[in-house]
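My request is simple: use the sequences and hints to build the entire structure.
In the numbering used here, the protein residues as written are 80 to 370.
Hints were generated in silico from the structure; no laboratory data involved.
Remember, predicted model here, so these are calculated numbers, not experimental data.
Be careful, since some hints might not be right.
With a straight-line cut-off of 27 Å between C-alpha atoms, the simulated DSS-like cross-links for lysine-lysine are [unchecked claim]:
no.	residue 1	residue 2
1	LYS237	LYS253
2	LYS253	LYS184
3	LYS242	LYS253
Now the in silico label distances, taken between C-beta atoms and shown as ranges [said to hold, decoys possible]:
no.	residue 1	residue 2	range
4	ARG283	SER225	17 to 25 Å
5	ASP350	LYS237	45 to 53 Å
6	GLY191	LYS349	13 to 21 Å
7	LYS237	ALA317	30 to 38 Å
8	TYR181	ALA345	46 to 54 Å
9	GLU309	ALA221	19 to 27 Å
10	GLU227	GLY306	33 to 41 Å
11	VAL290	ASP229	26 to 34 Å
12	ARG194	LYS237	18 to 26 Å
From the three backbone atoms N, C-alpha and C, an ideal C-beta is built for every residue, glycine too.
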Amino acid sequence: MTDDDSVTATPATAPAPEPAAPEPAVPELGDAAAGFTPEQPPAAPRPASRRLLRAGAATVAAALVGVVIGVGIIKTRYDDPTPAAAAGPTGAPAPTATPTPYGAKSNGSHFGSLRDLLLPVPAGFELGPDEGGYGNDTEIGAGQISDELDAELQQVPKDKRDKLRSYWEGLHVKSTGVRTYRNDGNNLVVGLRLRQFNQQEVQRINEYTAVFTGDTGIFRSGPQIPGHPEAHCYLMPAPPSAPIDYLECSAAEGDLLVVMSVEGVAPLPKDKIVGLFTLQLDRLASPGASA
Numbered sequence: 080m081t082d083d084d085s086v087t088a089t090p091a092t093a094p095a096p097e098p099a100a101p102e103p104a105v106p107e108l109g110d111a112a113a114g115f116t117p118e119q120p121p122a123a124p125r126p127a128s129r130r131l132l133r134a135g136a137a138t139v140a141a142a143l144v145g146v147v148i149g150v151g152i153i154k155t156r157y158d159d160p161t162p163a164a165a166a167g168p169t170g171a172p173a174p175t176a177t178p179t180p181y182g183a184k185s186n187g188s189h190f191g192s193l194r195d196l197l198l199p200v201p202a203g204f205e206l207g208p209d210e211g212g213y214g215n216d217t218e219i220g221a222g223q224i225s226d227e228l229d230a231e232l233q234q235v236p237k238d239k240r241d242k243l244r245s246y247w248e249g250l251h252v253k254s255t256g257v258r259t260y261r262n263d264g265n266n267l268v269v270g271l272r273l274r275q276f277n278q279q280e281v282q283r284i285n286e287y288t289a290v291f292t293g294d295t296g297i298f299r300s301g302p303q304i305p306g307h308p309e310a311h312c313y314l315m316p317a318p319p320s321a322p323i324d325y326l327e328c329s330a331a332e333g334d335l336l337v338v339m340s341v342e343g344v345a346p347l348p349k350d351k352i353v354g355l356f357t358l359q360l361d362r363l364a365s366p367g368a369s370a
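Quick look at the structure:
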């Protein structure tokens, strides 16, 4: 792989998805139970935010066979023309161009803060619940991730533990960015995660996830992401009558594994989910990769 230093400017803000029709607020389980009468059936429960972004079954299974994975994606354009700098007064020195704070090189590697690369909060959403102890809008360094992996590996048999540790070290993980979103109706929670590491392994893990979730028969098929054949979505196992549903999406974009986790009142608004995922992917696209 060559080291191409050409970069593409990133727009200051990401285009927001078309606002959806207002969704009715959904009371919590306690509210519904307290107000139930024979003439007033309980409302559908709101998604329990503490369950958001827990590792899906695919993530756990993959880790146990020596693959560390994550899931999700969303998009922003890098092919928009950069506004030309206004000419200074006659005789004045030309203004110095402001360096692009984040973006993608033509070789697929990304630069800048992962918080900048994550999709800004779109219209109709606000920042969502905390993901564990990380908060709802943060970047986690490689050292902290490694320390937490060590703690998790204590629960794994030693022969597998050593293999997982060796595999992890070979990934050369740089950092992970996390942001969560809650819709105005308070019945849909979305989590996005960007994990930056070796490009070849990013691609391999994403392909493995697609095969695992598609061939085992455990998961339900999710929506397609137009223009992004490398992206795939799947729904967690659930009975048809379940009031809450869970969906995950995964994609590889250069040196970033992008994972989106969704939890909401069934049935999930798949068009809105696809729109968000598409926005994130476009935001991360390498120069010339966006349609």
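Lying within 26 to 34 Å: is that true of the beta-carbon distance VAL290 to ASP229? 29 Å, holds
Cβ-Cβ distance between ARG283 and SER225: within 17 to 25 Å? 20 Å, holds
Honestly, do GLY191 and LYS349 meet the 13 to 21 Å range at C-beta? 31 Å, violated
Going straight from one Cα to the other, do LYS242 and LYS253 come out at no more than 27 Å? Judged against 27 Å, a Cα distance of about 20 Å means the pair holds.
Would the hint linking LYS253 and LYS184 be met if the CA-CA limit is 27 Å? 17 Å, holds
Check whether the Cα positions of LYS237 and LYS253 lie no farther apart than 27 Å. OK: LYS237 and LYS253 at ~25 Å, within 27 Å.
Range first: 45 to 53 Å. Now tell me if the beta carbons of ASP350 and LYS237 are that far apart. Roughly 47 Å apart at Cβ, these two residues keep to the hinted range, so it holds.
Against the range 18 to 26 Å, how does the distance between the Cβ atoms of ARG194 and LYS237 compare: consistent or not? Because 36 Å falls outside the window, the suggested range is violated.
For LYS237 and ALA317, compare the CB-CB distance with the range 30 to 38 Å and indicate the outcome. 35 Å, holds
Beta-carbon spacing of TYR181 to ALA345 - inside the hinted bounds 46 to 54 Å or not: Given range 46 to 54 Å: violated, Cβ gap about 36 Å.
Are GLU227 and GLY306 spaced within 33 to 41 Å by their CB atoms? For GLU227 and GLY306 the Cβ distance comes to about 35 Å; the hint holds.
Within 19 to 27 Å or not, the Cβ separation of GLU309 and ALA221? Roughly 25 Å apart at Cβ, these two residues keep to the hinted range, so it holds.
Consistency with the previously given hints fails for numbers 6, 8 and 12, ordered from lowest to highest.
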